[in-house]
Amino acid sequence: MKNTLLLSFVFLFFPFGLSWASNGQMIIEIGEAALDKKKIIFQRPYLAEKFDVFEAKLIKEFHSIFSNDFSFYKKKFFIIDPKNEPVSDFDDKNFELWTNRQFKFITRYLFTKNIKKGAINFKVELIDTYNKEILLSEKGHFFSRNLREKAHALTDLIFQKIEKTPSIFRSKIIFVSDMMSKGRRKIKELFSVDFDGRNLKRLTHHKGIVISPSVSSDGKKVLYTLIRTGKGRKNLNLYSMNLKNRRHRIISSRKGINSGAIFTSDGRKIILTLSHTGNAEIYEINLSNQRLRKITHHFGVDVDPDLSKDGKVLTFLSSRSGKAMIYLADPSGKEKNVKRIGFVGQFNATPRFSPGGNEIVFSSWMDNSFDIFKIKKDGSQIYRLTKNFGSNEEPTFSPDGEFIAFSSLKLRKRKRLSVQNIYIMDRDGGIKGQITSNIGYCTTPRWYNPPKI
Amino acid sequence: MNGSVTLDFKDELAEEEGLLGNFFYISCLSHIAVVVLFYLYNSSFFRFKEKDQSLMKSFVRVDVVSMPTLTIKELKSLKLDRNFKKSKAKDLNRTESKPKVKEFKAHNSVQKGIPSKVEKLKDDLIFKEKSKAKLKESSKKIKERKVDIVERISETPKDNVLDLIKNLGTKKVKVLKRSRKREKTNNGLGVNLGRKNSKIIKNLLIEGNKISKGENLIEGKTLLREEETLQIINDYISRVRQSVRSYWKLPEYLKENKEYRCRIQIFISDDGSLMSLNVIERSGNEEFDKRALQTVEMAAPFPPVDPLIRKRVLNGDLILGFPL
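Keeping their order, the protein sequence lines are chains A and B.
Take any residue in the first sequence, note its place counting from 1, add 22, and you have its number in my numbering.
Take any residue in the second sequence, note its place counting from 1, add 840, and you have its number in my numbering.
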């Protein structure tokens, strides 16, 4: 009996004693690592023959595009100035000089003359010095008219080889400008420009007011709303245009607003704002049979739709709470899974999804101007991206999600000196540069990838 | 008859003992079942060899009540500024102490010069006016010093107020010969207690500004020693995390895989030097683990360890989780 008592006592209290005896260890969460920048050098070009002044200028421009393009990705790459670096033979395979200095990637250029007048042959190689491997070797030729296009295509290939993801080097930005306005007559047309602000092209010649452009995911078509100026009934009609041949046609001319249209990911349907029933609502139109389907149904004003890349979530602006706030919905039904994610801000506008679908950028009225903000899809973590930089609106993500283009209005005391241009910033609000200059008031930028040639 | 009675009594006793035994075994079994269920639920019983581990995460709770006024860049620079201010405040404290030492030295040299000057003044009436002026100047200086001290207390951030009070308590107050003469008659009590007693009273007053050991005053509340230790260790953990995090970098191909996880146990000595490392959990990728080890080595040495937490840090209670 005594033995059983003793045993039970020990058995009952032994584990307690052990737990009291142990001290707590603490696991310190270090968190996500920062990105280790890759060192890359774009070596000075190797000229196999003698070139004249004009050809030398073209070669210099071609070569400079590589470092200019990669300078956008300063967070990922440490770019070395090749001025002070020795130039080795193009076929030199001794990489010790570079590996000792931790230069993982080098690009080499060889230029020769082409039989065709005005053409220059190139050979570009990307080398991994650590593994002593030629990752990329491209040959071709260029003229002065397509020099930039060829260079951007090569820089994109180099980027993809290193990062395994596409870059913005081939992308373009479409926007609206009023540079064609004459006196009191306002004319707003559609323009496109390369991501670096070069290669400006006019796309429309309506001599009216173009607003709300949007490009299809394949980069072949653009939707926009046109307000015809002059005599007659003014209506906001929706147009679609083929970017290759510039042919356009009316998609919707219903009474009232036909605006804010976007393509679905497959390009067969569009989602837009219509007000033909008396209230602005969001609809879906099937382009093949023109069938109309209602997505929102509320007495509040619902405008500015944008679709996530997978097409499963729609974001839009609605006044159903009394103020213009950001909402999410399932576009497959009517008022399906409508969820409010914006609860702050006096007036919010133009919500746009990131390519990954996790974030939404939008503009909001604050401190007597508009500024750009970023919010998570679930409504948490609002970040301010712009401040003391004029009035900033209409943000759009780059195709890789690393950059944001937006329009910025700088007001001056003399109204005629005020300017509105397109700017690019990184996803954390670091301003990269101005894309447009001296081409009137530029608004509503949309970033897209053109189709590969 | 007696034999049958004793026999019956024995039988009854035996029966009772048997019943007692049964009840005893039943109660033991039920107690054991409760204990087993308890440990199964907590799942710590089966791992009694391993130490309890708690994950120390850094987090900031934010209630979204209005649009943010600061941009991401401004937020980042704000954190740096705070760290800079703290370090600068420490530097200011150090620099502040130096000139005081110099002043005291100068004052001592003046004091040394006074007796000879005083003797001269006794003999020369003309210089009496000058000595009065000097007295006025010295009294002004004393007042200014007091004002400076008060201003510094009001200007310095909350963190340094306690240090200042501590410093005030530990300072030796040097009293001028002339002011001593005055204090004989006026020691604040209105009574002449003599030199020794007035000294005791002054020391008591100074002692009153000291903070006694084992207690902390934060916003008027007193903390227990355990809570103080916890605060100290939390503060040390955040500093270690900060220094390690600044060196934690990965190339894109390693960053992409979110499943990699490596844990390193560190042993830190009193002065903050890294004594040893131990990888207790591997990620499965050699390069990832290698980079984590390199990060810890680059981050060393760490800040000096407070005596209260010395043992824990030395025994390897700190584990660095890459990323957690």
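Careful, some of the hints might be misleading.
As the list claims (entries may be wrong) - A few chain B positions that, by computed beta-carbon distances, are all more than 10 angstroms from chain A:
#1 978
#2 1075
#3 1077
#4 1088
#5 1115
#6 1122
#7 1124
#8 1159
What the hints assert, rightly or not - Partial selection, computed: residues in chain A whose CB lies under 10 angstroms from chain B:
#9 69
#10 347
#11 390
#12 391
#13 405
The hints are simulated quantities; they were obtained by calculation from the structure and are not laboratory data.
Virtual Cβ for every residue (Gly too), placed ideally from N, Cα, C.
Against the structure, the hints:
1. 978: holds, 53 angstroms
2. 1075: holds, 13 angstroms
3. 1077: Per Cβ check, residue 1077 (chain B) is inside 10 angstroms of chain A; nearest 5 angstroms; violated.
4. 1088: violated, 5 angstroms
5. 1115: holds, 16 angstroms
6. 1122: Residue 1122 (chain B) clear of chain A: closest Cβ-Cβ about 15 angstroms, beyond 10 angstroms.
7. 1124: holds, 16 angstroms
8. 1159: The claim is violated: residue 1159 (chain B) sits with its nearest Cβ about 5 angstroms from chain A, within 10 angstroms.
9. 69: Status violated, d = 34 angstroms.
10. 347: Where the cut-off is 10 angstroms and the nearest Cβ of chain B is about 12 angstroms from residue 347 (chain A), the hint is violated.
11. 390: Not OK, violated: residue 390 (chain A) not within 10 angstroms of chain B, min 13 angstroms.
12. 391: Result: violated, 13 angstroms to nearest chain B Cβ.
13. 405: Holds: closest Cβ of chain B sits about 5 angstroms from residue 405 (chain A), inside 10 angstroms.
The structure does not agree with the numbered hints 3, 4, 8, 9, 10, 11 and 12 stated previously, though it agrees with the rest.
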